[in-house]
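Please construct the entire structure, taking both the sequences and the accompanying hints into account.
2 protein chains.
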Amino acid sequence: MIDIQDRICDAVKGLVMEAAEAAKFVKDGDNVGTSGFTPCGYPKAVPLALADRGLAGEQLKINVWTGASVGPEMDSAMTNAGIVNRRLPYQTNKDMRNAINAGKVKYADIHLSHMAQMVRYGFMANRKGVDVAIVEACKIIDLGEGKVGIVPTTSMGNSSSYVQGADKVIVEVNVTQPVALEGMHDSYVPLDPPCRQPIPITAPEDRIGTPYIPCEIAKIVAVVPSDITDKVRPLGEIDDEAKAMGSNLVNFLKNEVKEGRLPKNLLPLQSGVGSVANAVINGLVNSDFEDLTVYTEVIQDGMFDLIDVGKLRVASGTSLSPSPECLKKFYENVEKYKKYIILRPQEISNSPEVARRIGVIAMNTAIEVDIYGNVNSTHTTGTKLMNGVGGSGDFARNGFLTVFFTNSLAKKGAISSVVPFCSHIDHATLDVDVIVSERGVADLRGLSPKEKAPIIIDQIANPKYQPWLYDYFKRACEACGNSQTPHILSEAFDCYERLAKTGTMEIKD
Amino acid sequence: MIDIQDRICDAVKGLVMEAAEAAKFVKDGDNVGTSGFTPCGYPKAVPLALADRGLAGEQLKINVWTGASVGPEMDSAMTNAGIVNRRLPYQTNKDMRNAINAGKVKYADIHLSHMAQMVRYGFMANRKGVDVAIVEACKIIDLGEGKVGIVPTTSMGNSSSYVQGADKVIVEVNVTQPVALEGMHDSYVPLDPPCRQPIPITAPEDRIGTPYIPCEIAKIVAVVPSDITDKVRPLGEIDDEAKAMGSNLVNFLKNEVKEGRLPKNLLPLQSGVGSVANAVINGLVNSDFEDLTVYTEVIQDGMFDLIDVGKLRVASGTSLSPSPECLKKFYENVEKYKKYIILRPQEISNSPEVARRIGVIAMNTAIEVDIYGNVNSTHTTGTKLMNGVGGSGDFARNGFLTVFFTNSLAKKGAISSVVPFCSHIDHATLDVDVIVSERGVADLRGLSPKEKAPIIIDQIANPKYQPWLYDYFKRACEACGNSQTPHILSEAFDCYERLAKTGTMEIKD
Numbered sequence: 317m318i319d320i321q322d323r324i325c326d327a328v329k330g331l332v333m334e335a336a337e338a339a340k341f342v343k344d345g346d347n348v349g350t351s352g353f354t355p356c357g358y359p360k361a362v363p364l365a366l367a368d369r370g371l372a373g374e375q376l377k378i379n380v381w382t383g384a385s386v387g388p389e390m391d392s393a394m395t396n397a398g399i400v401n402r403r404l405p406y407q408t409n410k411d412m413r414n415a416i417n418a419g420k421v422k423y424a425d426i427h428l429s430h431m432a433q434m435v436r437y438g439f440m441a442n443r444k445g446v447d448v449a450i451v452e453a454c455k456i457i458d459l460g461e462g463k464v465g466i467v468p469t470t471s472m473g474n475s476s477s478y479v480q481g482a483d484k485v486i487v488e489v490n491v492t493q494p495v496a497l498e499g500m501h502d503s504y505v506p507l508d509p510p511c512r513q514p515i516p517i518t519a520p521e522d523r524i525g526t527p528y529i530p531c532e533i534a535k536i537v538a539v540v541p542s543d544i545t546d547k548v549r550p551l552g553e554i555d556d557e558a559k560a561m562g563s564n565l566v567n568f569l570k571n572e573v574k575e576g577r578l579p580k581n582l583l584p585l586q587s588g589v590g591s592v593a594n595a596v597i598n599g600l601v602n603s604d605f606e607d608l609t610v611y612t613e614v615i616q617d618g619m620f621d622l623i624d625v626g627k628l629r630v631a632s633g634t635s636l637s638p639s640p641e642c643l644k645k646f647y648e649n650v651e652k653y654k655k656y657i658i659l660r661p662q663e664i665s666n667s668p669e670v671a672r673r674i675g676v677i678a679m680n681t682a683i684e685v686d687i688y689g690n691v692n693s694t695h696t697t698g699t700k701l702m703n704g705v706g707g708s709g710d711f712a713r714n715g716f717l718t719v720f721f722t723n724s725l726a727k728k729g730a731i732s733s734v735v736p737f738c739s740h741i742d743h744a745t746l747d748v749d750v751i752v753s754e755r756g757v758a759d760l761r762g763l764s765p766k767e768k769a770p771i772i773i774d775q776i777a778n779p780k781y782q783p784w785l786y787d788y789f790k791r792a793c794e795a796c797g798n799s800q801t802p803h804i805l806s807e808a809f810d811c812y813e814r815l816a817k818t819g820t821m822e823i824k825d
Numbered sequence: 317m318i319d320i321q322d323r324i325c326d327a328v329k330g331l332v333m334e335a336a337e338a339a340k341f342v343k344d345g346d347n348v349g350t351s352g353f354t355p356c357g358y359p360k361a362v363p364l365a366l367a368d369r370g371l372a373g374e375q376l377k378i379n380v381w382t383g384a385s386v387g388p389e390m391d392s393a394m395t396n397a398g399i400v401n402r403r404l405p406y407q408t409n410k411d412m413r414n415a416i417n418a419g420k421v422k423y424a425d426i427h428l429s430h431m432a433q434m435v436r437y438g439f440m441a442n443r444k445g446v447d448v449a450i451v452e453a454c455k456i457i458d459l460g461e462g463k464v465g466i467v468p469t470t471s472m473g474n475s476s477s478y479v480q481g482a483d484k485v486i487v488e489v490n491v492t493q494p495v496a497l498e499g500m501h502d503s504y505v506p507l508d509p510p511c512r513q514p515i516p517i518t519a520p521e522d523r524i525g526t527p528y529i530p531c532e533i534a535k536i537v538a539v540v541p542s543d544i545t546d547k548v549r550p551l552g553e554i555d556d557e558a559k560a561m562g563s564n565l566v567n568f569l570k571n572e573v574k575e576g577r578l579p580k581n582l583l584p585l586q587s588g589v590g591s592v593a594n595a596v597i598n599g600l601v602n603s604d605f606e607d608l609t610v611y612t613e614v615i616q617d618g619m620f621d622l623i624d625v626g627k628l629r630v631a632s633g634t635s636l637s638p639s640p641e642c643l644k645k646f647y648e649n650v651e652k653y654k655k656y657i658i659l660r661p662q663e664i665s666n667s668p669e670v671a672r673r674i675g676v677i678a679m680n681t682a683i684e685v686d687i688y689g690n691v692n693s694t695h696t697t698g699t700k701l702m703n704g705v706g707g708s709g710d711f712a713r714n715g716f717l718t719v720f721f722t723n724s725l726a727k728k729g730a731i732s733s734v735v736p737f738c739s740h741i742d743h744a745t746l747d748v749d750v751i752v753s754e755r756g757v758a759d760l761r762g763l764s765p766k767e768k769a770p771i772i773i774d775q776i777a778n779p780k781y782q783p784w785l786y787d788y789f790k791r792a793c794e795a796c797g798n799s800q801t802p803h804i805l806s807e808a809f810d811c812y813e814r815l816a817k818t819g820t821m822e823i824k825d
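Heads up: the sequence lines are chains A and B, in that order. Under the working numbering, think of the first position of the first sequence as 317, with each following residue one higher. Under the working numbering, think of the first position of the second sequence as 317, with each following residue one higher.
Misleading hints may appear alongside valid ones.
All copies of an identical chain are treated as equivalent in the list; a pair is satisfied when it fits inside any one copy or across any two copies.
[Stated by the list, open to error] Calculated lysine to aspartate or glutamate pairs in the EDC-like style (CA-CA distance at most 16 angstroms, straight line): (1) K420 x E767; (2) K420 x E794; (3) K444 x E575; (4) K570 x D368; (5) K444 x E572; (6) K700 x E794.
Quick caveat, the hints were computed from the structure, so don't treat them as lab data. Treat the numbers as computed from the prediction; the structure is a model and nothing was measured.
Put into structure tokens, the structure is as follows:
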């Protein structure tokens with residue numbers, strides 16, 4: 317067995333067991349709440365053991381609640397073993413996505429800041445709370461009075477709330493995670509209405525909780541050694557289009573500072589996950605901005621680069637999700653980076669209360685936008701789930717300034733990212749201030765829908781689709797007598813039919 | 317001239333003038349921020365004088381920013397005089413609505429809690445703040461040190477922020493508003509990021525500001541006497557369908573209490589404006605619930621009834637908008653009702669931070685809902701603005717429990733309020749917990765889209781449209797291979813075409 321004796325306190329040493337043994341505490345029909353946010357800090361050994369039970373033919377269907385996306389040891393293994401009934405609140409895994417879009421796994425989209433409180437409120441589909449919490453830790457410390465402190469690893473997610481609410485707790489102590497991570501976390505679970513108090517954060521660097529998740533020893537049923545690494549993903553190369561988006565954003569922000577609408581060091585930055593988001597942060601690395609702060613979900617490569625060049629004061633998030641190379645850099649310099657990083661529960665990292673108070677600049681990626689500025693973040697052609705809404709709604713609604721990014725084209729030009737009417741709407745136009753593509757910036761603040769349309773078509777849409785979009789808009793205005801939001805509903809979705817039939821949204825003569 | 321000498325302090329007595337004189341302080345192109353929320357507490361004399369300037373042929377186009385809807389002395393008179401360029405952030409006036417839907421007045425929908433901060437941030441279309449604030453008061457008191465306190469009347473709206481930011485302030489002192497209103501208001505303007513602090517409200521009865529709007533005397537350019545009354549609107553009779561909705565809600569809430577998901581006295585109630593909302597509150601008047609609290613925008617008849625029967629501890633809102641009879645009752649018993657009522661700026665009454673902290677039960681009305689639980693609150697057939705999103709988004713996203721109400725039918729049955737795909741989406745399904753119609757309750761918490769559809773069709777849709785909706789859903793599931801959100805986009809909007817061509821959404825053989 318992997319040796320974890322120096323990572324755990326005496327009080328739990330009698331609870332150490334192999335994953336297969338620990339997995340037996342999970343029963344058919346259970347709600348299982350796990351650590352993990354992006355493929356970081358999720359439990360690996362016990363989920364694999366649960367999958368084994370399914371593969372062995374046992375009747376086992378569980379509801380899997382995480383922080384957000386997790387790695388293949390959970391979503392691939394458990395999906396392919398057929399043991400997942402419901403999956404919440406976000407995923408990015410191909411096997412899980414396919415299972416959801418085939419109706420084999422039930423998925424309900426949810427704002428990431430809402431998940432923990434919805435569980436506490438008893439609002440989940442089976443109206444039960446967490447039966448078993450499974451969380452990854454780098455160590456377990458003794459707090460006295462029958463309590464231990466679980467020190468998380470590379471993410472916080474919903475672990476604090478799941479552990480607090482669970483009947484049974486399984487801790488995976490992962491020896492690939494440095495013990496030096498201790499001190500980076502800030503665990504805090506708010507009370508529920510009518511007793512809730514203000515979240516006392518007024519700046520991204522404020523710490524309000526404990527560097528460990530407190531847990532009664534009596535609830536811990538197993539401590540499982542693990543040496544399976546986080547399956548972090550490489551980031552795509554920053555291509556020319558991503559560079560152009562980053563540069564468009566930087567120029568826009570510079571002008572906002574010049575006009576006095578933003579302070580010189582901006583306001584706390586929130587940035588979505590993925591290559592485009594990373595490219596945008598990269599644009600800031602190469603800018604003149606200094607003394608920046610980050611209040612976001614996921615701390616990615618670009619933010620480490622900002623630390624390296626001395627431009628970042630603090631990065632607050634709920635997860636560290638760097639590329640493999642960047643994770644290596646982090647592991648080798650934990651003590652250095654730890655000074656700049658705070659990992660909070662996603663209920664706090666994504667808190668609308670805090671986002672609005674400190675005034676985050678919210679930057680997220682859209683799948684498509686429509687000519688009036690509505691945003692689809694979740695579904696391709698309106699029907700298939702891509703990943704989930706994630707934290708985009710938490711931040712977009714509450715940010716000081718809300719920016720969505722999209723390339724003007726998708727699928728090598730077969731798809732226009734600007735359409736007449738989004739095939740699915742996650743963010744209504746009133747939650748969207750600015751849209752940025754590789755082509756330009758559409759600043760929609762204060763404008764009516766009929767003023768927004770020409771700007772979006774001009775600045776965001778690709779020239780190859782502009783004539784079609786202008787034509788639709790013009791005819792819609794005529795057909796509706798210039799009403800508030802002109803549409804010709806009978807042809808608003810034609811482009812999807814064209815795409816299905818001809819393989820492209822292009823109108824061919 | 318109407319005598320207001322006993323309502324104003326000596327420091328402003330030299331500024332008293334007729335409305336026509338005061339109106340001259342407003343220039344072509346100005347941003348004019350006024351008091352008023354629902355047709356209550358809005359300025360009347362000066363807007364009428366501004367309309368007169370337009371009717372006299374003067375070149376005058378102004379941007380009119382209010383709290384929410386106002387009375388005909390503003391929206392009808394100013395629209396018909398052709399002097400309104402932009403109108404924000406909400407309206408319910410027929411003349412204004414027609415002008416907006418003919419492209420004559422520019423309207424940008426906005427969450428009511430966002431308006432004041434967007435103005436302070438400099439995010440309005442012309443990137444300017446308030447040039448002239450025009451606010452109705454019942455009295456003006458001396459605060460010393462060059463400042464006076466403007467005591468508002470029947471609403472707070474955005475007055476505190478507009479007065480704070482304006483270059484020039486005009487106060488209409490309205491003698492039809494009792495001076496006894498003093499003490500009912502709680503004026504508070506938060507700082508802006510990065511300096512903003514927590515809003516220190518933890519219960520609906522908490523007062524955090526001053527009972528007057530502070531203002532430097534140097535900014536006041538005119539004090540205008542007025543005796544024009546608030547044009548409050550009668551409420552429709554509570555019909556059988558509204559009664560059924562109220563009863564459905566009460567039964568649902570009773571069960572939530574029984575299951576331990578809500579305390580016995582519920583949580584603070586938020587209720588939209590209008591007859592259905594009033595009927596729902598009326599359902600509570602006749603229930604066994606006691607010690608209720610209200611944290612809402614608009615305090616309507618039903619809440620006065622709750623006070624009368626001793627079931628309401630406190631009603632916090634931003635506006636008093638009772639029917640004419642109820643307003644009379646209030647005016648005759650101001651001292652009694654005042655003990656139960658707090659009027660706050662809409663930035664506070666609708667604050668996401670507070671709504672989530674204290675856990676409001678958010679109850680608002682939908683124009684239509686779709687089979688997956690998305691909600692249209694603003695547009696008829698997707699193109700024409702009805703009123704605006706108002707505060708529905710502030711509360712729906714942040715409430716403890718979010719309920720939308722809709723009759724199953726509209727236009728005498730020609731329109732189904734449940735459709736395959738909403739023609740406009742203001743609230744994505746993930747912000748909707750429960751839908752209530754006269755037919756039943758659709759409890760959507762924790763469910764996937766494919767689980768929501770049959771419940772919505774069964775509980776909310778009218779039997780005459782159910783076969784059509786079930787058929788669409790079934791065929792969509794087949795066409796999409798049971799993907800996350802099944803649709804046949806090419807026919808998702810067919811019902812609107814049918815309605816336009818045949819006068820009904822019904823499919824006739």
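Are there hints from earlier that the structure breaks, and if so, what are their numbers?
Number 4 - this is the single hint that the structure violates.
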